[in-house]
Amino acid sequence: MAKYLLLKHYRGAPASVNDVSMDKWTPAEVEAHMAYMNNFAKKLEGTGEYVDSQALTPGGMWVRYDGEGKPPLTDGPFAETKDLIAGWMIIDVDSQQRAIELAGELSAAPGAGGKPIHEWLEVRPFLNCHEPVSE
Amino acid sequence: MTEPAGLLRELSPVVLSVLVRRGADFATAEDAVQEALIKALTAWAEQPPRSPKAWLVTTAWRAFLDLSRSEGARRAREERYEAEGHAPAEEVDDTLRMYVLCAHPSLTPSSAVALTLRAMGGLTTRQIAEAYLVPEATMAQRISRAKRTISGVRLNQPGDLGTVLHTLYLVFNEGYSGEVDLAAEAIRLTRQLSSLVDQPEVRGLLALMLLHHARRPARRGADGRLIPLADQNRDLWDRDLIAQGVNILQAALARDRLGPYQAQAAIAALHADAPRVEETDWLQIVEWYDELAAFGDNPVFRLNRAVAVGQADGAGLAALARVDPSTPRWTAVAAHLHEGNGELRLAAELYARAAREAPNLPEREHLTRQASRINALLRQG
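Line by line, the protein sequences give chains A and B.
Residue 32 in the working numbering sits at position 32 of the first sequence, with consecutive numbering throughout.
Count along the second sequence from 1, then add 135; that gives the number in the working numbering.
Honestly, the hints are just simulated from the structure, not real lab data.
Note that the Cβ used here is the ideal one computed from N, Cα and C, for glycine as well.
Don't take each hint at face value.
[Claimed, not checked] Distance condition first, Cα-Cα at most 20 Å in a straight line; then the derived SDA-like pairs of lysine to any residue:
#	chain 1	residue 1	chain 2	residue 2
1	A	Lys82	A	Glu122
2	A	Lys42	B	Ala357
3	A	Lys24	B	Arg508
4	A	Lys42	B	His348
5	A	Lys42	B	Gly359
[What the hints assert, rightly or not] The following label-pair restraints were derived from C-beta to C-beta distances:
#	chain 1	residue 1	chain 2	residue 2	range
6	A	Glu122	B	Ser461	49 to 55 Å
7	A	Phe78	B	Leu268	22 to 28 Å
8	B	Asp366	A	Ala86	27 to 33 Å
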């Protein structure tokens, strides 16, 4: 098994095919989308491939150490141009092929007009913490 | 929860206070009580004790002696205990002191919450960790650090009941995830506290919790969606809990020592009292918000007051203008008030912005639905 991070972006990903902001969808389209997302996580729990998912608010800032005795330096809120992560799902699957298959399914969540959003998701393999026992 | 487990957790703070009275240090005594609770679960299943409390005190005391190991210290402590004697009336004061200690101002709120749930609630570290969605090792560290922090606090220092109430309120607001229902646990502990100390604000907090808890069955839809107060099916509200809450509140208010928890409970009671949202007594609710303001300026209360003013006399936007726009949920309230004013386009924009600013997913989804609903109205119109 190998873990993959499926990353969703507020900004910075290539534009999705069905690119309409959610508040402009009809109430029925909003419901269909939310149901699809809930079912997706439940389904992966059922197949034993779900690890975690979290969403992030769009707010935030950069922070760095600024020297002895000084408070940390902050920069933010983020500029409108910055690549901005919206949230993630972590899955534990048998192959990269399966990770791509699931990311594709997540990207097919219905949006405006009830049609798939075709949203670009970033798929990132985890760097394992330990080496295999067999050499 | 099974009957013995409930009884065990009820007795947990009492047993702890007995051990501390006998001279045990708080940190070791707390570990000893946890051991006794775990032993009781198996032992009582085979043979229930005649006196559960005596059984627990004996077992916890033995565990404490094992844990502290030092024979000399043990003898000294036993001699001191023999000399002091003990009485049930003091036990009440001692248990109260344990509550105050677990919520001591030197602890961070998250530490006070964790320690209160373990020492007073008798929950295991694993259960607390699960309820707060952190690893068990993290929660174990949080608890042992909290115990170290308060180890220097003298038990006979007059405590601050305010921090205890605040801690219990924090637990209540966490709701429930996993096997432990933190809201129900907070109510149980506040009830116990209210039996230990006769204070209107303790009753006020208990009433507030009961009145909010009564609405829980109506607060989520079948698919888990958030349902705001105005749209809730009031038949689902728990009438017994409401009656309990109202009775406790009325008795507290009659003593004429108003505090912020009683005032908040009064507002919750007025909502509970309306058979339909249209029958809500908004004027009285605004008056209670004005009473609340006397206990300190709180932007969240002023924001809620603006909503009530909007319902009472339509001047909600004027009231909102006097609240700092960086207050959490300000944009959502602005959207709601502009919608009431018939400014749909502005309301839709504000709902969409409020969704982006929402602090949690259920609220984000609710606000997105509101934006979508109003945009649909605009397309029709």
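Hints and how they fare:
no.: 1; hint: Lys82(A) <-> Glu122(A); in the structure: holds, 16 Å
no.: 2; hint: Lys42(A) <-> Ala357(B); in the structure: holds, 16 Å
no.: 3; hint: Lys24(A) <-> Arg508(B); in the structure: holds, 9 Å
no.: 4; hint: Lys42(A) <-> His348(B); in the structure: violated, 28 Å
no.: 5; hint: Lys42(A) <-> Gly359(B); in the structure: holds, 14 Å
no.: 6; hint: Glu122(A) <-> Ser461(B): 49 to 55 Å; in the structure: violated, 32 Å
no.: 7; hint: Phe78(A) <-> Leu268(B): 22 to 28 Å; in the structure: holds, 26 Å
no.: 8; hint: Asp366(B) <-> Ala86(A): 27 to 33 Å; in the structure: holds, 28 Å
Hints 4 and 6 from the list above are not met by this structure, while the remaining hints are.
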